[in-house]
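Enquirer: Chains as they are written, first to last, in our numbering: chain A, 192 to 437; chain B, 2 to 861.
Derived from the structure by calculation, the hints contain no laboratory data. Here the structure is a predicted model, which is why all the values come from computation and not from measurement. Possibly wrong hints are sitting among the right ones.
Derived DMTMM-like pairs: lysine to aspartate or glutamate, alpha-carbon spacing no greater than 25 Å straight-line [as the list claims (entries may be wrong)]:
no.	chain 1	residue 1	chain 2	residue 2
1	B	Lys474	A	Asp270
2	B	Lys246	B	Asp228
3	B	Lys474	A	Asp366
4	B	Lys167	B	Glu157
5	B	Lys633	B	Glu619
6	B	Lys708	B	Asp228
7	B	Lys305	A	Asp320
8	B	Lys764	A	Glu200
9	B	Lys764	A	Glu329
10	B	Lys764	A	Glu198
11	B	Lys167	B	Glu180
12	B	Lys764	A	Glu339
13	B	Lys719	B	Glu162
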Amino acid sequence: MAENVIELEGVGLTLRSRAGDIEILKGVDLRVAQGETVAIVGPSGSGKTSLLMVMAGLERATSGSARVAGHELGGLDEDALARVRSAAIGIVFQSFHLVPTMTAHENVALPLEFRGIAGARERARGALDEVGLGGRLEHYPAQLSGGEQQRVALARALVSQPRLLLADEPTGNLDGATGRQVIDLILGLGRRHGATLVLVTHDEALAARCSRVLRMTDGCIVADTGSRTAGVGTAAPVGDRTGATA
Amino acid sequence: MRTEAIAAPREPVAGGTAYGRIVGLGLGELARSLSGFLILIACIALGVAVIAGIGSLSDALRAGFERQGKVLLGGDVTLARPHRRATDPERAWMTQQGRLSETATLRSMARRLDGAEQVLVEVKGVDDAYPLAGEVRLAGDADLRQALAGLGAIVEPILLERLGLKVGDRLQLGRSQIEIRALLAGEPDKIADRFTVGPRVLVSLATLAASGLAEPGGLVRWRYAMDLPPAPGNEALDAFRARVKADLPESGFGVTDRSNPSPSLSRTLDQLRQFLTLIGLAALIIGGVGVANAMASYVDRRRKVIATMRSLGASGRQIFTLHLVQVLALAAIGIAIGLTLGLLIPPAVDRAIAGVLPVRAEVTVSAGTMALAAGYGLLVALLFSLWPLGRAAEIRAAALFRDEVAPESRWPAWPVVAATLAIGLTLAGLAVATSESRAVALYFWLGVAVVLVVFPWLGSAVAWTARHIPRPKRPEIALALGSIGAPGGLTRSVVLSLGTGLSLLSAVTLIDTSIVRELQTRLPANSPDYFLLDIPTEELASLRTLITRRSAQAELHEAPMLRGRLVALEGRPADQIKAPPEAQWVLRGDRGLSYAETVPEGSKVVAGAWWPAGYQGEPLVSFEAELAHHLKLSVGDQVTVNVLGRNVTARIANLREVHWENLGINFVMVFSPNVLQAAPHNLLATVSLPSSFTLAEEAQLSRDIGKAHPAVTVIRVKDAIDAFNVVLGKIMTAVRVAGSVTLLAGALVLAGALATAQRRRIKLAVILKALGGTRRQILTMHLAEYLVLALATAGIAMLVGAAGAWAATTFLLKVQFSFSLAAVLQSLLVAIVLVVAFGLAGTWQVLRAPPVPYLRSEGA
Chain A
192 MAENVIELEG VGLTLRSRAG DIEILKGVDL RVAQGETVAI VGPSGSGKTS
242 LLMVMAGLER ATSGSARVAG HELGGLDEDA LARVRSAAIG IVFQSFHLVP
292 TMTAHENVAL PLEFRGIAGA RERARGALDE VGLGGRLEHY PAQLSGGEQQ
342 RVALARALVS QPRLLLADEP TGNLDGATGR QVIDLILGLG RRHGATLVLV
392 THDEALAARC SRVLRMTDGC IVADTGSRTA GVGTAAPVGD RTGATA
Chain B
2 MRTEAIAAPR EPVAGGTAYG RIVGLGLGEL ARSLSGFLIL IACIALGVAV
52 IAGIGSLSDA LRAGFERQGK VLLGGDVTLA RPHRRATDPE RAWMTQQGRL
102 SETATLRSMA RRLDGAEQVL VEVKGVDDAY PLAGEVRLAG DADLRQALAG
152 LGAIVEPILL ERLGLKVGDR LQLGRSQIEI RALLAGEPDK IADRFTVGPR
202 VLVSLATLAA SGLAEPGGLV RWRYAMDLPP APGNEALDAF RARVKADLPE
252 SGFGVTDRSN PSPSLSRTLD QLRQFLTLIG LAALIIGGVG VANAMASYVD
302 RRRKVIATMR SLGASGRQIF TLHLVQVLAL AAIGIAIGLT LGLLIPPAVD
352 RAIAGVLPVR AEVTVSAGTM ALAAGYGLLV ALLFSLWPLG RAAEIRAAAL
402 FRDEVAPESR WPAWPVVAAT LAIGLTLAGL AVATSESRAV ALYFWLGVAV
452 VLVVFPWLGS AVAWTARHIP RPKRPEIALA LGSIGAPGGL TRSVVLSLGT
502 GLSLLSAVTL IDTSIVRELQ TRLPANSPDY FLLDIPTEEL ASLRTLITRR
552 SAQAELHEAP MLRGRLVALE GRPADQIKAP PEAQWVLRGD RGLSYAETVP
602 EGSKVVAGAW WPAGYQGEPL VSFEAELAHH LKLSVGDQVT VNVLGRNVTA
652 RIANLREVHW ENLGINFVMV FSPNVLQAAP HNLLATVSLP SSFTLAEEAQ
702 LSRDIGKAHP AVTVIRVKDA IDAFNVVLGK IMTAVRVAGS VTLLAGALVL
752 AGALATAQRR RIKLAVILKA LGGTRRQILT MHLAEYLVLA LATAGIAMLV
802 GAAGAWAATT FLLKVQFSFS LAAVLQSLLV AIVLVVAFGL AGTWQVLRAP
852 PVPYLRSEGA
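Produce the complete structure using the sequences and hints provided.
Expert: Take a look at the structure:
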């Protein structure tokens with residue numbers, strides 16, 4: 192049985208607001224094994240992105256436990272979480288979030304440089320070659336198209352050879368054809384690097400290309416289909432419910 | 002074609018009601034987002050407060066002068082002249098005018114009887130009628146008349162401290178030994194006398210006469226205070242002046258009345274007011290940059306809202322009006338706060354330095370002062386906000402669906418550009434028109450242009466450099482340089498806002514250093530060590546013997562010295578001549594006059610010719626060349642001076658270039674000997690001692706001169722320079738404090754710029770955290786950015802400040818420019834403290850910000 196990269200147990204996320212507490216995630220249990228490609232789908236406000244952010248250590252679960260890449264995230268301070276991300280997690284955002292004052296090459300080298308890894312620039316060049324942007328090393332984000340920016344973001348996410356690649360609506364800001372190219376790259380490169388992929392999407396066709404699809408509603412995983420591996424804590428009951436609601 | 006050009010004629014409701022609704026809408030929106038404009042309001046309030054405060058203080062002092070004028074002057078009117086006591090007919094004329102009091106003031110030395118110590122003092126001899134107004138306050142329950150009776154004296158406590166004496170002891174004044182009977186606690190008419198350098202010694206006129214100090218030729222100023230019956234209005238005062246002109250035409254008396262008891266102090270006050278108002282205006286203009294930044298960022302944040310309004314049918318003009326209403330409301334709040342604070346400045350200053358001011362400063366509301374401050378505030382607010390508002394009016398509905406990556410960058414419509422230009426010119430015109438010295442106001446506007454053009458350019462240069470230097474290895478430093486080089490970054494704002502204030506401070510420090518160094522270390526080797534005043538002509542030979550017996554190398558140069566007043570140039574009365582500010586002093590009050598057989602040392606004839614030896618023809622005078630140029634005088638012109646109550650008209654025979662800096666004896670006007678030789682006068686002398694002379698020997702010589710020549714006043718040049726440096730130091734501190742206001746305005750702009758950039762900085766920090774950056778790495782990045790910005794700004798401020806100080810010292814003050822490490826360190830320290838402290842205060846928030854809201858896609 193493959194090792195689990197993600198182990199969530201009873202993860203809840205409650206945010207305080209003036210209007211009162213808002214329960215975003217309601218006791219989510221989830222296990223994702225090394226090498227899986229998982230799509231999280233669901234309506235807006237169902238908690239998809241929040242779940243992804245908990246996995247990334249960018250949002251702290253207010254209850255339950257989140258173990259990612261072998262680290263119990265709840266016990267780590269902010270800097271330790273950052274170190275976990277730089278070593279084991281790559282993230283791709285819908286809005287790319289490139290550093291606007293840095294070239295494509297510098298953006299991609301940044302995670303390695305934060306870790307003080309020698310040869311960061313060479314590895315960054317290699318990563319950009321992989322996404323087909325070897326010729327645009329010195330371009331600034333504003334000089335690149337949306338698709339190109341997302342490919343730089345992908346190169347940046349993968350340059351550290353992470354065990355886990357998280358993508359939040361990676362094609363949301365791209366047109367259909369460009370989006371497909373980017374997804375091909377994400378899936379292809381993720382596989383090549385042996386990374387586990389979790390992506391949030393609205394696009395059912397894209398979700399269908401993943402080995403497993405989680406469906407969320409109102410802060411809960413209500414369906415988990417196509418799981419190739421055992422060990423998904425709530426697979427059976429959720430599967431039942433999926434059957435009931437599909 | 003612009004949308005509103007089409008839309009405007011179609012607006013069916015573009016009447017008053019529609020605009021009334023817009024005004025309501027604008028104010029309503031503003032009320033909900035007022036907290037976002039606190040810095041904008043503070044920027045306007047600060048400058049307005051300074052201008053209103055300075056104006057109110059000046060008004061309060063002036064009102065105090067007018068209210069207490071009679072006491073400050075010692076009577077309703079005074080007549081004063083040097084050397085010559087009023088003649089019997091003159092005294093009879095004065096007695097006819099009203100009650101009369103006579104006083105005489107002079108500088109002399111007060112000595113311990115054992116000759117161990119001597120101090121330069123300001124002696125004032127008074128008659129029995131003194132004071133006509135107010136009262137002389139004495140320590141304890143001493144009585145004025147009893148204290149002054151016989152050879153009694155009242156002295157300021159500091160004199161006793163310096164001489165080591167106490168009340169009841171006696172001291173030597175001229176040839177008399179006088180008894181210290183009481184201590185002076187307050188003198189009503191102190192400001193009516195000349196600028197005093199030593200402690201006051203108050204004696205009776207009889208005591209003064211006994212001392213031999215007031216004999217003809219001595220530098221005595223005789224002053225006659227009169228109480229005019231019945232209490233006259235200003236017309237009566239004018240009538241009195243006219244009577245003096247008619248009845249005592251050649252008396253040479255200077256007339257002062259209670260409406261302006263100290264014209265020189267009033268003039269200083271006016272000049273100070275103008276200078277400080279310009280500083281306030283500078284602060285307001287720097288604050289204006291904050292206004293522009295705040296409005297630009299407000300408009301930018303509201304692009305979608307404005308586009309929505311446009312899509313709902315609002316015209317560009319309506320959008321402009323809506324935002325203009327908001328700017329006007331914000332300006333009104335800032336102005337109201339500024340005026341209120343300004344009104345509180347006079348009582349605050351009064352409380353802080355009550356002893357220093359000649360009159361009490363109370364709250365004074367002058368419509369003119371308040372209107373000027375409010376006007377400046379409004380003009381600056383409009384000048385700096387019309388441009389961003391004009392651009393808001395150009396935002397089209399298309400902005401709703403256009404990608405924000407390429408926002409349109411259009412110029413505002415031409416009426417907005419024209420209005421901005423017109424307001425700028427009005428502001429410039431107002432500042433020039435309200436300054437006495439047009440040149441200063443013009444220099445100021447040149448400075449503003451430098452600030453608004455040169456500093457932004459230098460800011461861009463710093464950003465360009467940051468973009469083009471090789472990328473450092475450490476990602477934190479590379480990110481810091483990236484932020485500095487980013488087109489919309491903080492660099493220009495910081496360089497502009499802090500650079501201005503810092504340049505001013507650097508310039509002040511460098512000018513200060515240059516003057517002090519000039520005086521302390523650059524005195525020519527041949528500059529004298531002592532000035533001797535009031536040497537009776539007949540004592541010169543024995544004085545010379547006394548000095549040269551001590552040292553054969555000692556040099557004594559003497560010159561005759563009288564005081565007189567310029568009454569006419571080319572037959573035109575001096576009080577009707579409009580001279581440039583730098584030459585006005587020559588036309589006012591008493592001037593030192595001299596005569597010489599040959600060209601005085603340290604002077605060079607640059608036009609005309611010196612008179613031949615033994616010249617006996619028509620009266621001739623040699624005039625200082627630069628002042629002659631300012632007064633438009635040339636060789637052959639006639640000048641009339643009043644000396645000893647007599648008008649003397651002389652023809653200018655030549656113009657002299659004078660090297661004042663070697664501190665030799667020199668006068669603006671030097672006459673041919675036949676003009677003044679016969680008048681009773683004393684001598685002024687300089688003494689240069691060989692460098693081998695010790696301090697103890699100097700002190701002994703000075704005491705011996707005092708003993709042998711009791712009428713002679715001995716002034717050590719080094720002491721005089723030290724005393725001057727103390728005064729200069731105080732002035733420079735005051736200028737520095739005033740200059741700090743511009744720095745404070747800069748700090749406000751900086752705070753505003755940082756606040757505007759905060760969201761962008763948080764977003765970047767969050768991205769870096771997501772990529773594995775630790776808080777320490779983000780902190781290092783911010784620190785590096787702020788340090789580099791502070792260093793660059795301090796460096797630029799040093800360069801601009803040094804250039805300004807160099808220009809001021811070289812062209813205006815004519816002293817050699819000196820560089821100082823203190824100025825560099827001061828600039829650096831202030832820049833680092835401000836930028837790093839303000840910046841890192843924001844970083845704390847950046848590090849604490851939750852990442853998710855910034856990472857989620859908008860609208861996702």
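Enquirer: Indicate, hint by hint, whether the structure satisfies it.
Expert: Now for the hints, and whether the structure bears them out:
Taking the CA atoms of B:Lys474 and A:Asp270, the gap is near 22 Å; set against the 25 Å cutoff, the hint holds. Of the pairs offered as hints, the one joining B:Lys246 and B:Asp228 holds, with about 19 Å between alpha carbons and a cut-off of 25 Å not exceeded. Among the hinted pairs, B:Lys474 with A:Asp366 is inconsistent with the structure: their alpha-carbon atoms are about 37 Å apart, more than 25 Å. Distance restraint check for B:Lys167 and B:Glu157: the Cα-Cα separation of roughly 11 Å lies within the 25 Å cut-off, and the hinted pair is therefore satisfied.
Note on B:Lys633 and B:Glu619: the hinted pairing holds, with a Cα-Cα distance of about 22 Å set against a maximum of 25 Å. Restraint check for B:Lys708 and B:Asp228: the C-alpha separation of about 41 Å exceeds 25 Å, so the hint is violated. About 39 Å separates the Cα atoms of B:Lys305 and A:Asp320, which puts this hinted pair outside 25 Å; it is violated. For the hint linking B:Lys764 to A:Glu200, the alpha-carbon distance of about 30 Å lies beyond 25 Å, and the restraint is violated.
With a C-alpha separation of about 23 Å, the suggested pair B:Lys764 and A:Glu329 falls inside the 25 Å cut-off, and the hint holds. Distance restraint check for B:Lys764 and A:Glu198: the Cα-Cα separation of roughly 29 Å exceeds the 25 Å cut-off, and the hinted pair is therefore not satisfied. Distance hint between B:Lys167 and B:Glu180 is fulfilled; the C-alpha atoms sit about 10 Å from each other, no more than 25 Å. For the hint pairing B:Lys764 with A:Glu339, the CA-to-CA distance comes to about 21 Å; that is within 25 Å, so the pair holds.
Distance restraint check for B:Lys719 and B:Glu162: the Cα-Cα separation of roughly 21 Å lies within the 25 Å cut-off, and the hinted pair is therefore satisfied.
Going through the hint list in order, the structure does not satisfy hints 3, 6, 7, 8, 10.
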